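Colleague: Each chain, letter by letter, is given below.
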Amino acid sequence: MTFLLRQLSRTAEGREIVRATKVERDTVTIGRASGSDIIVPDLAVAPQHAVIARKGARRISVTAETGFKVEIDGRATSAGEIDVTRGGEVVVGDARIMVARDGDGAIVLTVTRTAVDAEADDESVFSLAHVLPGKRPMVYVLIATVLAIFLVWPIWHFARPADPQGGRIQADRSWTPGPLSAAHHGLEGNCKACHVQAFVAVRDTACVSCHKDVHDHAPPARLATARSPLGLGGRILASWAGAFNKPDRGACVDCHREHEGAGPMPPTPQVFCADCHTALKDRLADTRIGNAGDFGTVHPQFRPLVAAAPGAQPVLARVTIGPGLREANGLKFPHMLHLDMRGGVARMAQTLKGRYGFSDALACADCHKPTADGARFLPVDMERDCKMCHSLGFDRIGGTVRTLRHGDIAQMIADLRAMYRSTGPDRPLELGGMARRRPGQYAQGQVYHAWFGAAATRPGSADAAIRQVFSQGGACYDCHVVTPPGTNGSIDWGVVPVRQPSRYLMHGWFDHAAHSTQSCASCHAAGKSRDAADVLVPGIETCRSCHGGEGSAAKVPSSCAMCHSYHQKQDAPWRSRRRLSPAATPEAALPGGGRAP
Amino acid sequence: MSTTSRQRSGGPNHDGFLRHAGFRWLKVALALSGVAILAYALIDVQPRPNGGSWYGYTLGTIATLLILWLTLLGVRKRAMTAGRWSLKGWTSAHVYLGLSLIVIATLHTGFQFGWNVHTLAYALMMLVIASGVWGIAAYAFVPRMLSDNREELTQPQMRDALRAIDRQLNDAAQPLDPADAAIVDRSIDQDPFGGGLWRRLTGHDPRCATAAAQEAIRERIGSRPDSATDPLDRVDALLERKAGMLTRLRRHLRLKAMLEIWLYVHVPITFALIAALTAHIVSVFFYW
Chain E
5 MTFLLRQLSR TAEGREIVRA TKVERDTVTI GRASGSDIIV PDLAVAPQHA VIARKGARRI
65 SVTAETGFKV EIDGRATSAG EIDVTRGGEV VVGDARIMVA RDGDGAIVLT VTRTAVDAEA
125 DDESVFSLAH VLPGKRPMVY VLIATVLAIF LVWPIWHFAR PADPQGGRIQ ADRSWTPGPL
185 SAAHHGLEGN CKACHVQAFV AVRDTACVSC HKDVHDHAPP ARLATARSPL GLGGRILASW
245 AGAFNKPDRG ACVDCHREHE GAGPMPPTPQ VFCADCHTAL KDRLADTRIG NAGDFGTVHP
305 QFRPLVAAAP GAQPVLARVT IGPGLREANG LKFPHMLHLD MRGGVARMAQ TLKGRYGFSD
365 ALACADCHKP TADGARFLPV DMERDCKMCH SLGFDRIGGT VRTLRHGDIA QMIADLRAMY
425 RSTGPDRPLE LGGMARRRPG QYAQGQVYHA WFGAAATRPG SADAAIRQVF SQGGACYDCH
485 VVTPPGTNGS IDWGVVPVRQ PSRYLMHGWF DHAAHSTQSC ASCHAAGKSR DAADVLVPGI
545 ETCRSCHGGE GSAAKVPSSC AMCHSYHQKQ DAPWRSRRRL SPAATPEAAL PGGGRAP
Chain A
169 MSTTSRQRSG GPNHDGFLRH AGFRWLKVAL ALSGVAILAY ALIDVQPRPN GGSWYGYTLG
229 TIATLLILWL TLLGVRKRAM TAGRWSLKGW TSAHVYLGLS LIVIATLHTG FQFGWNVHTL
289 AYALMMLVIA SGVWGIAAYA FVPRMLSDNR EELTQPQMRD ALRAIDRQLN DAAQPLDPAD
349 AAIVDRSIDQ DPFGGGLWRR LTGHDPRCAT AAAQEAIRER IGSRPDSATD PLDRVDALLE
409 RKAGMLTRLR RHLRLKAMLE IWLYVHVPIT FALIAALTAH IVSVFFYW
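Residue numbers (our numbering), protein chains in the order written: chain E, 5 to 601; chain A, 169 to 456.
It is worth saying that the hints were derived from the structure and are not from the lab. These numbers were taken from a predicted model, which means no experiment stands behind them. Take the hints with a grain of salt, since some may be wrong.
Here are the simulated DSSO-like pairs of lysine-lysine, each with C-alpha atoms no more than 27 Å apart in a straight line [stated by the list, open to error]:
#1 A:Lys424 / E:Lys216
#2 E:Lys196 / E:Lys139
#3 E:Lys532 / E:Lys285
#4 A:Lys195 / E:Lys139
Some chain E residues close to chain A (C-beta under 10 Å, calculated; not the full set) [stated by the list, open to error]:
#5 Tyr144
#6 Leu155
#7 Thr209
#8 Val212
#9 Gly397
#10 Phe398
#11 Ile401
#12 Val405
#13 Leu408
Idealized CB from N, CA, C, for every residue including glycine.
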């Protein structure tokens, strides 16, 4: 009974060496221990790992030590048998034992050490390439990822029809160069609303598809004439813009720049107006507007709209502010008298202090009440603002003072007549109606004669009172321009309608509330005005004591958009609207009504 | 003047690419940045500076051309030439003009940033520049640290030393019982070059089998009576040597990683930047 052990090993050059030994026993021991028949110097192998024993002529058994395993024909097991005539393989640690039988009946166990993974000797293990993917694959993956997410997807999104639900992720959001202004916030993510066509710059048509009622600044032909010619730099830029298919000058987007950050759209800078208006008269000879390029330096004097002739339909004209500018407003009201600190008015104010909250003299606010938004002042109302001192009382019944009706001449006359009971006799019924009347009724004793006679012979003692009211020293005459009756002896008196405009500067916005830190007198020379006809609107030099052009060193640098609207609206202009209501979108109504009355 | 020319003509030229030609490209880059800043300050772009103004487009065009030219160093470096347009001069220009992009591209943004492809391109560009700066710094400092650490050992020597210790460990552990042998085996089996990027960059292996084996073996030794022939003592001594060698190897790998990592950012991110730049430019004209 022999086992023939053939141990194969390789030299450094790769030559195979065979060491053959015979074991004249029935068992062969395998293990790490030095006494084993087959020594496997693998630390994963037990000192006595397994035993191969002969079982009859054709079979051997392989038994592993308790707790260890061997691999027989590829299966890990603790024990097994092999038919030596068929052959087999036993693996213990890194030793591979081929089982066979030679011609002499000896069992041949051929032991090979599986090569311990010879680590590749290349230097690359020291480099980062050993632990990182190659640069080239990284490049391909990165390029593909970036282009897919940031180029292909947005374009695909653009090409698809709009989703009515709008639920899809806006792939082209990654393209937005910045948030839209508050006014257009609703269009955020809806790029196609303005960028209608690919590679075509935003056109005015996109704007006016929503802004349908925007007023043109002037007819396009005049606008084109008014524009200042481009300098060399401007021409170069314009040719570039043309080459890149940008719209011509004067497009909406020239002034209304978007994607400049959330919040209100920034006001249009002065230069956009100054371009045309600084030397407008040179290019547009027939214009009625003075040159204006900078409020502090190039701006015409204000031209308030004043009435040249009073009346129900006054003749209005814009007149340049200058010394002695007067307006026929139908009033007799010396501001100077009322604001005097020492005169009778002041004395009266002191007397009525407790009742009406006057100071030691009258102040502007005692008579002038601001509008709800504070931008302007309400027309002075006689009952509210004058009557504290200027009583229209004419009779006392019991403890109640009867007053003349203000603003309604007919009623006032009626009241006076009623007081004097000086109406004529009642008109007989027969004199009314459309029935034909027969001649003869004018005869003495007949109806006509009786009535006309009575009416004519009962002259009212009221007439004198009425005449007195409308005459010098009378209640009406003191404050109003009175039109005398047409015929002598008639009482057909009239009062010229009073003009109290709340706005004189029709093309420039002025907001009193914004100037609440200033006293009224710092702009309005009311204290020196002896005549109601004095126009107290201050001139530009007054404004310039604080306001200058956009880039000036004035206390309040003011661009055109502070007072003027490009699109010719009655609203507050762009910049002032922002001040009035920073949160509001420019198109939204102002709190308290920012519109001019 | 005469000194510098003598230096230049006589003896080998030791100027690196940073000092090339008396900092010529540093001066060019500074001039370029200075002009860009000055123009930015003087040109009044309304309503506020942005990449869509004419000056913004100008800066953007300059920056794009610069980026493309800088990328060409990858091609240019494969041909080492000397002379007026030497590779060194090219590299010098690459470094300084690349740094001037910080100014030019930042001014191009008009300091408007957001979560969009435009800022993505900018961020990638800054990442590329930062990695380049890291690379220059690494080339300046790391080689000395590498050679200090190696102490004249070459890389193959380092690896051979480890293998020798492993072989000795294998021999020394033969008498050990299976449990102890398994512990030592794990140390031998563990690939000292294994682990990912993080292990390379930190130089620490929290799952180091050698350290674990050392700890376990010491525990055994501690509880045994001292005998002169204990094989565990030999194993312990060998593990000690291996741990020391591993420390040196890991420091070496860490320094090498610091020397190489920037290129793994610089090159791939450059191409990601060019892709983002393409998307940036196309998107601007698409939604013109």
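Colleague: Next step is simple, just say for each hint if it's right about the structure.
Modeller: Cross-check of the supplied hints:
1. A:Lys424 / E:Lys216: Status violated; Cα separation ~68 Å.
2. E:Lys196 / E:Lys139: The given pair, whose Cα atoms are some 39 Å apart, is violated under the 27 Å limit.
3. E:Lys532 / E:Lys285: The given pair, whose Cα atoms are some 37 Å apart, is violated under the 27 Å limit.
4. A:Lys195 / E:Lys139: violated (33 Å)
5. Tyr144: holds (8 Å)
6. Leu155: Status holds, d = 4 Å.
7. Thr209: violated (15 Å)
8. Val212: violated (19 Å)
9. Gly397: Violated - the Cβ of Gly397 of chain E stays beyond 10 Å from chain A, reaching only about 62 Å at its closest.
10. Phe398: The hint is violated - Phe398 of chain E has no Cβ within 10 Å of chain A, the shortest such distance being about 64 Å.
11. Ile401: Given a least distance of 69 Å, the restraint on Ile401 of chain E is violated.
12. Val405: Constraint on Val405 of chain E not satisfied, violated at 63 Å.
13. Leu408: violated (60 Å)
Of the numbered hints given earlier, the model fails hints 1, 2, 3, 4, 7, 8, 9, 10, 11, 12 and 13; all others are met.
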